[in-house]
Amino acid sequence: MTSNFPERSLTRSPTSQRTLFNTVMTVVAFTCGVLALLPLLAVLSYVIIKGFSSLNLAVFVELPPKALQKGGGFGNAILGTLLMVGIAALISIPFGVLGAIYITEFSSAKVARWVRFAANVLSGVPSIIAGVFAYGIVVLTLVKLNLGSYSALGGGFALAILMLPIILRTTDEALQLVSQDLRQASVGLGATNFQTVSQVVLPAALPTIVTGATLAIARASGETAPLLFTALFSNFWPDSLFQPTASLAVLVYKYAISPFKNWQSLAWAASLILVLMVLITSIIARWATRQKAY
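Residue numbers in the sequence shown follow my numbering, run continuously in steps of one, and reach 413 at the last position.
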């Protein structure tokens, strides 16, 4: 039995139009990928080169030095950054996750649409506006109550405003990605809506939720403008939530523009530590969520 179709070679021709187009597009995609990574690699390499030479044990345990004074460090800024980011996480993560659960699992479509729109608008608000808002809400309130003025509490509140929309939107998208079959199977077995959400939906979406929270923490760790309005800066160890508190971002801002070489070197070292803190946080989050529930 003979075939009516024309015989064509199954060997790939390097000169065919399809092969040439595939090769060109592969090269273009690879080049675009390299160009996208180039700024990141350039920034990281420059920060590492400039900051690594200034790293020593003293920068982690000592206070900032005076101008032209040798030695010193920014241990108070590291502690202040961790303190304010921790306050921000305690405020924003519960509200963000619970808000996303409500609009995904319990609210009407109209309410969910407006909440998502508000979260998108809030995520686009400049960070300095969040700092001004936190200044009016927290700093001025503390002044009226005679509890202080600039403080770690105000800084944490300002960073929480920036973290909230990121956590809410990433959690919302993570919950929407959970298959409806899991929800229907849980309800079919007699589980309530609360049991379905808490024991089925949330564990399935947990890796993405943790990743979103990590991204929010990474953004908050490097913010400077909100802290200038709320936490300001201090050359001493933080001993109260109601006092001015140092942070790595503000320290880099102040010392990088100073004319003193010792402060400039500390600014580069603080930049490297800030990048490493974000990197370590991302690695821990990836490691903690490497196993998915479903």
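Since the hints were derived computationally from the structure, they do not count as laboratory data.
No experiment lies behind these values; they were computed from the predicted model shown.
Warning: the hint list may mix true and false statements.
[To be verified] 30 Å max Cα-Cα, derived DSSO-like pairs, lysine-lysine:
1. K380 with K263
2. K189 with K169
3. K373 with K169
*asked:* Holds or violated: K189 and K169, Cα atoms, limit 30 Å.
replied: Holds: K189 and K169 sit about 18 Å apart, inside 30 Å.
_Hint check: K380 vs K263, CA-CA at most 30 Å. Holds or violated?_
Violated: K380 and K263 sit about 40 Å apart, past 30 Å.
_What's the verdict on K373 and K169, does the C-alpha distance respect the 30 Å limit or exceed it?_
17 Å, holds
Going down the numbered hints, you'll see the structure goes against just number 1.
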